[in-house]
Amino acid sequence: MTPTRRRRMIMVVMLIVGIGIAVGLAVTAFQSNLLYFIDPSEVVQGKAPENRNFRLGGMVKEGSVQREQDGLTVRFDVTDYAESVTIQYTGILPDLFREGQGIIANGKLNTQGVFVASEVLAKHDEEYMPPEVAASMKKPVMNNPGLETKK
Amino acid sequence: MYTWIHKFGSPKHFYRIAGKVIPWTAAITVILFLYGLYGALITSPPDYQQGESARIMYIHVPAAWMSMFVYMILAVAGAIGLIWRIKIADVMAQASAPLGASFTVLALATGSLWGKPMWGTWWAWDARLTSELILLFLYLGYMGLTTAIEDKRTAARAGAILALVGVVNIPIIHYSVDWWNTLHQGATVTKFDKPSIHIDMLIPLLVMAVAFKLYYFTVVLVRARADVLFNERRSAWARDIVAKVKL
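Going down the list, the protein sequences come from chains R and F. First residue of the first sequence: 28, per our numbering; consecutive thereafter. First residue of the second sequence: 223, per our numbering; consecutive thereafter.
Everything labelled a hint here was simulated from the structure, so no lab data went into it. Positions of the beta carbon are idealized from the N, C-alpha and C atoms, including for glycine. One or more hints might be untrue.
To spell it out: a stretch of chain F is covered by chain R in this simulated footprint if at least three of its residues, at any positions, have a beta carbon under 8 Å from a beta carbon of chain R; those stretches are [stated by the list, open to error]:
(1) 269-278
(2) 345-356
Only part of the chain F face toward chain R is listed, based on derived beta-carbon distances under 10 Å [unchecked claim]:
(3) Ala301
(4) Gly337
(5) Asn391
(6) Pro393
(7) Ile395
(8) Asn403
(9) Thr404
(10) Ile425
(11) Leu427
This is chain F alone, in the form it adopts within the complex:
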């Protein structure tokens, strides 16, 4: 087990294994997106209160979940990089950050578009919206910090500490709607009793959530693979790969 982790953690094997995984996750992502979007836009019923506007949740909710999920990856990979000094963990964290930031922007933008007709405002400084905005700033701060420092190892370490400090925001985002009176509604799916959503809407939503997750894994592996090849550009195996590429 331990040797397996070490093997996967070595850049050379990571590059090879990731290269094999990517086509599969990419294919499944496309299938799930097609199926999920068909369900979201065509077969699922409109909402009894919001009508057709509720359909934005099939993008908004998975994007918001992913914004938090990717941040947890950032923090966990950061901790692994700090403690065990595994290079792949640092690469994964830095490859994840722009994706997480994009999911956060997507969640905020779709929420805003929905908020104007439904709530009557584009933006409200309630606890849920504000903590999600802070999450975006954490991502941007992380990206700024890691790219501003020349030395790769120092950059990864500084970024990891920032990511770990910011992890306190994640439970705040999740529980903000329970802890305070917010304009944003409470949790629909991720609560302990039965989800308060009709099954015909829940299935496309969950399919979209899985599609978003696999999209993230595909893109993060592509990005991490490119980073690994660049970082290892002086090693023999990387030179071999580059030499084989016909220009």
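So here's chain R without its partners, still in its complex pose:
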């Protein structure tokens, strides 16, 4: 390799390493701002912003979904298997919304500690399988985070 080429190669490597370090530092500095949502545990610990909208993410607790008389308002609990927070939402829920499903709600806490959501998004997991396979597994995965998928 000629000296000019070696010099140019060092320049290219330094460019990539330099930009990599700069972006790495920036990303670490803005770590919390890059979080799309926070967990119920963080809400219970009082880390949630007050009087300001934020996104809350977690699993919909089994058996907690209740519909109000008007047919549109729903109340349910989300949990990260440590703590849980009650969410109240009026509107159309996405197709993937169901008990045991991960969701993200946008809204704010009211004075009773209930999270009043203006938007509910369903978070899909990375599992892809035919319905028969899911039925034969009797979906133990969704309810128990500690339980690995065993065939």
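Following the hints, position chain F against chain R.
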């Protein structure tokens, strides 16, 4: 080996060899697309949660993989062009950029179409979606920059530097779902343990991924070949080829 690289790197041989490769890759692309789409739309089962909507992944996932793969080609070809001043590397990079941008648009559009019914929103500013959008802007910036500069060599050099600066975005896209809480789900196939996808869905997905890759190689060679002929229009061999074409 070194002489072989130099030989392939020379425009004349590149034009000839690429011309021989294209019909083969084109034929295999068509076969794989037919087989992959048949598997994706007909033989593969619906998903247990998403039902038939999951089928969009057979386009979405390969397109998203390709958007990152083509960017790596752009960056590596850019580095080769910068260090060794091989013209073919510059040609390949510039021929790749619009293709990479198209794959990015395809990934974003299919993701959005899927996101509305499944997530409940067309778009969310989460880390995965935002970094993929930045990738699109990098492609557009690269294309704008290289076409705005008149001088071919300066254009290639400026583009290569932009491509290398942007390469930092690629690991961010890939690991965004692990590093932060995102609306987008985590990796299904490209993780170290067993893929969390049923084998009947995985096979069509991988066939589609290979089909996308070969489609890219076919089209990029066609584009690069045309660029080479145009760049070398004053040389004897290029004049010969053009003279032989009956109008």
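Under 10 Å, Cβ to Cβ, is where Gly337/F needs to be relative to chain R, so tell me if that hint holds or is violated. holds (9 Å)
Going by Cβ atoms only, is Asn391/F closer than 10 Å to chain R? holds (8 Å)
Ala301/F as chain R interface residue, shortest Cβ-Cβ below 10 Å: Interface hint status for Ala301/F: holds (5 Å vs cutoff 10 Å).
Hint validation: Ile395/F versus chain R, beta carbon distance must be below 10 Å. Holds or violated? Violated: closest Cβ of chain R sits about 12 Å from Ile395/F, beyond 10 Å.
Does Thr404/F hold up as a contact with chain R if the rule is Cβ-Cβ below 10 Å? Result: holds, 5 Å to nearest chain R Cβ.
With a cut-off of 8 Å between beta carbons, are at least three residues of the stretch 269-278 of chain F near chain R? holds (count 6)
With 10 Å as the cut and Cβ atoms as the points, is Asn403/F at the interface with chain R? holds (5 Å)
Is the interface hint satisfied for Leu427/F? The criterion is a beta-carbon contact with chain R at less than 10 Å. At 9 Å from the nearest chain R Cβ, Leu427/F passes the 10 Å test, so the hint holds.
Checking hints one by one. Is Pro393/F an interface residue toward chain R, by the C-beta closer than 10 Å rule? holds (9 Å)
Status of the Ile425/F interface restraint (C-beta, 10 Å, chain R): violated (12 Å)
Tell me whether the statement that chain R covers the stretch 345-356 of chain F is true, taking a Cβ distance below 8 Å and needing three residues at minimum. This one holds; 4 residues, not fewer than the three required, reach chain R with a Cβ under 8 Å.
When held up to the earlier numbered hints, the structure conflicts with 7 and 10 and fits the remainder.
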